[in-house]
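> Note that the protein sequences, when read in sequence, are chains A and B.
Residue numbering for the first sequence follows the numbering used here, beginning at 1 and increasing consecutively.
Residue numbering for the second sequence follows the numbering used here, beginning at 1 and increasing consecutively.
Please keep in mind that the hints were generated in silico from the structure rather than gathered at the bench.
Heads up, a few of these hints could be off.
Identical chains blur together in the list; that is why a pair holds if it fits in one copy or across any two.
Restricting the straight-line Cα-Cα distance to at most 30 Å, the calculated cross-link-like pairs of lysine-lysine (DSSO-like) are [what the hints assert, rightly or not]:
1) 279 to 392
2) 45 to 302
3) 632 to 698
4) 262 to 25
5) 632 to 344
6) 262 to 344
7) 560 to 81
8) 249 to 192
9) 253 to 279
10) 698 to 344
11) 484 to 633
12) 698 to 715
13) 560 to 24
14) 719 to 437
15) 679 to 719
16) 629 to 698
17) 182 to 25
18) 719 to 698
2 protein chains.
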Amino acid sequence: MKNAKLQAFIPLFYIVWSDDLLTKKEFFTLQYYIDSQDWLSVEDKIGLLSRITISNPPSRQDLTDWKNTIEQSIQDNPEVKSIFELAVVLSKNDTTVQNLEVSFAKLENDLGILGEEAISNFKTKAKSFTVNQQAEASFDVRKITDLLDGEQAHIINKVKSIISRPEFKLDAAMDIGVYRQKVFDWCTILAKENLGNMAYPKQYGGGGNIADYFAIMETLSYHDLSLVIKFGVQFGLWGMSIQSLGTEKHYAKYLRDIGTLKLPGCFAMTETHHGSNVKGLETTATYHHETQSFTIHTPHPKAQKEYIGNAALHGQMATVFAKLIIEEHDYGVNAFIVPLRDEKGVVLKGITIGDCGPKMGLNGVDNGTIRFDNVLIPKENMLDRFACVNEKGGFQSPIPSDNRRFFTMLGTLVGGRIGIPRSALAAAKTGLTIAIKYSDQRKQFGPEGASEVPILNYRMHQRRLLIPLAKTYAVHFALQYLTKRFLNKSEEQMQEIEALAAGLKSYSTWSTTEILQECREACGGKGYLSENRIDALKNDTEVYTTFEGDNTVLMQLVAKNRLSEFRKSFGEMGSLGIINYVYENAKSAIAEKNPLIIRNTDEAHLLDYEFHLQAFQHREQTILASAAKRIKKLIDTGLEPYDAFNVVQHQLIAVAEAYLDRVVLEQFQIAIAAVEDEKSSAVLTKMCQLFALSQIEKNKGWYLEDDYMESVKTKAIRKMVNQLCWDIRPDAVALVNAFAIPDSCLGALV
Amino acid sequence: MKNAKLQAFIPLFYIVWSDDLLTKKEFFTLQYYIDSQDWLSVEDKIGLLSRITISNPPSRQDLTDWKNTIEQSIQDNPEVKSIFELAVVLSKNDTTVQNLEVSFAKLENDLGILGEEAISNFKTKAKSFTVNQQAEASFDVRKITDLLDGEQAHIINKVKSIISRPEFKLDAAMDIGVYRQKVFDWCTILAKENLGNMAYPKQYGGGGNIADYFAIMETLSYHDLSLVIKFGVQFGLWGMSIQSLGTEKHYAKYLRDIGTLKLPGCFAMTETHHGSNVKGLETTATYHHETQSFTIHTPHPKAQKEYIGNAALHGQMATVFAKLIIEEHDYGVNAFIVPLRDEKGVVLKGITIGDCGPKMGLNGVDNGTIRFDNVLIPKENMLDRFACVNEKGGFQSPIPSDNRRFFTMLGTLVGGRIGIPRSALAAAKTGLTIAIKYSDQRKQFGPEGASEVPILNYRMHQRRLLIPLAKTYAVHFALQYLTKRFLNKSEEQMQEIEALAAGLKSYSTWSTTEILQECREACGGKGYLSENRIDALKNDTEVYTTFEGDNTVLMQLVAKNRLSEFRKSFGEMGSLGIINYVYENAKSAIAEKNPLIIRNTDEAHLLDYEFHLQAFQHREQTILASAAKRIKKLIDTGLEPYDAFNVVQHQLIAVAEAYLDRVVLEQFQIAIAAVEDEKSSAVLTKMCQLFALSQIEKNKGWYLEDDYMESVKTKAIRKMVNQLCWDIRPDAVALVNAFAIPDSCLGALV
């Protein structure tokens, strides 16, 4: 194409041959265009058309030449912005070509080429701002670590140093038998370090420090979750069941040996046919006054104890939950200490142990089934804090209602619903540390001609990892709050604390399941290899949403507690009246705010913590009032309450979610208000804003339905979430470094 | 309480002692009330107060007596509806008590008791409608099975009968080495049954039937997913790479041996440093004209091939993707056949194999790494369909652009993006079959005094399993459509089909990940035991969202294809102008519909398939136009296109999702329209309605933001989703039975 004006076609020719999205049809479009240009001679046309014949493509060298020609022209004429302008330059400002602007633009469109984009692609991309994002902490990592660890820093550091020892080395390829023994051995080491008995009273050799016990559970969870669960079964479930449900004689007899792991034991509650519905347990404990003993019995195979940790291999005794029968009268579920094995590990007569076999995770824990064939135990083995058989052989309890006694007993076991969500939290922290550090290093794709870019610079990747990171920080402070409430509990507050624990257990464990899913996908194939740990974290915590209470069932308990509190707080008026009142009142309160708030998209407003909290509170109150109203209405129309609650079950979950969201946000904000260091406070504030706004974004359907926000605002919030992710990205690595998880727990990737 | 009027207090006394939600404060409230009643004598008050002293609770017998008294009264007076009315009856219609209505109601509220609920709880609950739901098919299961299997019924039944044989027995506890060998042996059996070579041309011993090949992949996926992937690596990736990228000489030399598994091989594309960005591969194939050969070389450790199936143990050869270098010039990525092991399995000189070790799942597949140390291969080993080295030692290709050639090559491999989503679909079907059948049998909780209820009768459980079931049916028909499009492809349609395959691969695999998560949780502890299969299904399919293209990356490809199509279809006008036009036009089209539709909550309208499809189309078009407009604007303001695409990355995913949702719904509707059997059509229509409405519910935030619906309508849709779940529940077991999955694949639960 020596004829200068013909050079005008080079960019289009180059693009049709190199753009992998163009089809035959586009070639014909271009051919038709050339054919219809009357300023071209027949020879010109033939020459041009010969370069775009599908059966006779240009050589690779032609293409390279064209590309060089174009790039050189653009370099010489940096003002060029469109394919037409480039064509003019290439034609050496030929006047005929200068007149083609309209038809060239049409042609570009016919071909589906975005001209500006194409031109940009010929320029060097060194200036791309996506390329330049990188890790750069705006704060002192150590200070955030101190803040997170708080008063438990000492014990946390002790545990970290123990699990970093060579004998705690993780091995993803262990055989199940070897793994179970290894976990038992690890527990023995921890017991020797006086970690197992940390929560027991000092007079029984314990540390008398429950706060430290929870910190131990959480910190161990960085390491191996089978270890945590085995540890929790032995020292938490088994030991604490003695402490919570037994009396002095039991403490004196058992606690010391449990704390040193001399006496491994089980917590045998769940049966094959009864998990969530514990009240329906069918194992029986029948009292015999003449021999001052009980017979523990499994009436049919589906009433066997199932999933019992420590049962398949190591447990020598178990706290067994069974219906107490005295003179053929059923006194409801009570707890009994039942020996399973002798000191050499031989299973005792009348006891049949099964092995649950391979599980999705936690394969270092020896879960098993237990069947009792008329096993005799002495009367003193009844854990008799809340009920006993008196000297006359009669049932006696300070709590007359079977139901109430049962829930009081369960209430004392609420500690498990603190240990598990804290363990889940630690797993999320570990997963995020691995995924964020990997994503900061892993590069893939980049601007044309420039080097590849860390995948954490991509917006979707930021959303997938940084929103979960913000939530993880939020959950951390919420669980600190829950722990404090539990440690300072009074009887009056117990129901609220139990509901809070049930709720945060669900909240934290579901959050962890979701987060580890994102972490796995964010690490691609590397996330699938066991050596990189996400495998184990994900599979081990998978059952956290089920054990210590199925999350969906727990969320309904939380909702029922909220409904009950709601009814109580409006005792002054008729129930339906008050519900209407609150509901309408909430509505009108909002209506007043309308002009000011529902369309407000000012940055300062969107980032304002008061706006966040009000939005969360409004959602919580409105959903609660609405659910209460709906249940009332359904029952009024003749539905059984059981059916009414089933009809609104979906809404009950929403009641609990909204309540928990509010508690979590509130506690995050309170925690930040107490931070003195400015830089720590600044970065945590950003995290809290991201948590709040991403939750609002997630629930934008609800807010729009409720007219609490207009679409202009929900759209502005979406953008703000993206912006916050972008702003936090340079701090992301430092924010996971602040978890200060031992390197030995982070797998091969980091 | 012999004094009849005092009996009025029995219900409240009973409730405060038995209700586990009441606290000390409530007792004081009740005490205060009694104290303030001037119609009671001092003795009466002392007597009453003594029954509600916390330090001196009634005996269990007292409580039982009270309960019996109450229940007897209600039985005798079934018209009683409130605690006050009950009190009147118990007081033998004492006139003083009759005057207490207002203060009693207030007291109830102060105590937080919902009177009607309490009364209901004393009645028998046999009439609860929740209790009565049970499995009862409204259609002929066989007819739906025939519909799903279609023309592939024959091969599907053959595969089912093979995987049901004793030698295919599943074993969750296999050691990794044993498992890998077992999977290889299974593949050998399948090859002998002429299933492996099904897609190869008949002249090379194949079946020449690609439709059957995909059906085989899908049906095998009911069994063991390691088997499917091993099978897919050997016969699909390895064999098809020869067929798609090679020429006659390669077919003649290799296909027969690959089809019989005499020649196990690998597909070696991914490298440690380059997965999604395949163009960036660093392995080199340097041509030597003098010896007519190539040297295959791994330039640095991170350029090693990684995750390669069949590499760690069995592969004797591999299709290796490497940059072709001729005289120091880089001609882009091409494919070469490279021997790895001799026939005895001994690794050849210059080849270093690593083992990826234990993975989250698919542990029956021997994934490995491959490093090449200047490995010499003959010139004929280049797969030369799209490029070759000519006799003069020069590069030659019918496709001059390296980029275009590269994408054409990849395009021929699109079959993998059909096999994987279909395998994922089968895994979802298996998971749902297990979870739904279990939930139909598993009972937990129930109305007071009645028997327990199948958990599938609970509304949340229905939402968790039946919405996924509807989606699974929808995806089934969408993948049938994709397969047909692929089998009847023309060059003109290839880009669209590639985008569709990339999109549905993401759609189906993400859907499976989500669904199996629900299935696991829905089965509780049972879902965690390996013997029940959800473990394996979940972990094996986990990497489906990553391999054959990371889903997030693929969704961006889909979005870019949609944007490109969008630009092309409006070639007549300037690009920004047209975008504005379409966007505003769409808006106004809707505005016209407003009064009719956005508030319409008629059942007939909500269930109307035209409404569903229009809503999906509107979302698709509006998001697409909006994304196009936004990108244009960002580039106009000076952003590099690379950065602009990063800014809108989140929106691009939404573009792809909306497109795929529409395709999936459309194909489901088209499939139903062709169903002749009325009962089949009726139940599938319900499933399609549930799919459509649950997707709209999921995206209600978007619809509200867009003013396409008002909140009254989105709320009505939520209720309709619940109602559809309830209506489908009796058919649920039959709907999973229609998948006709062999019992041997369903684990121990079913």
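> Each hint should be assessed against the structure and marked as holding or not.
Verification of the supplied hints:
no. : hint       : verdict
1   : 279 to 392 : within (27 Å within a copy, 85 Å between copies)
2   : 45 to 302  : neither (86 Å within a copy, 50 Å between copies)
3   : 632 to 698 : both (29 Å within a copy, 28 Å between copies)
4   : 262 to 25  : neither (81 Å within a copy, 44 Å between copies)
5   : 632 to 344 : neither (59 Å within a copy, 76 Å between copies)
6   : 262 to 344 : within (12 Å within a copy, 54 Å between copies)
7   : 560 to 81  : between (64 Å within a copy, 22 Å between copies)
8   : 249 to 192 : within (25 Å within a copy, 70 Å between copies)
9   : 253 to 279 : within (29 Å within a copy, 70 Å between copies)
10  : 698 to 344 : neither (56 Å within a copy, 57 Å between copies)
11  : 484 to 633 : neither (39 Å within a copy, 52 Å between copies)
12  : 698 to 715 : both (12 Å within a copy, 17 Å between copies)
13  : 560 to 24  : between (65 Å within a copy, 19 Å between copies)
14  : 719 to 437 : within (25 Å within a copy, 44 Å between copies)
15  : 679 to 719 : within (24 Å within a copy, 48 Å between copies)
16  : 629 to 698 : both (25 Å within a copy, 25 Å between copies)
17  : 182 to 25  : neither (67 Å within a copy, 51 Å between copies)
18  : 719 to 698 : both (13 Å within a copy, 20 Å between copies)
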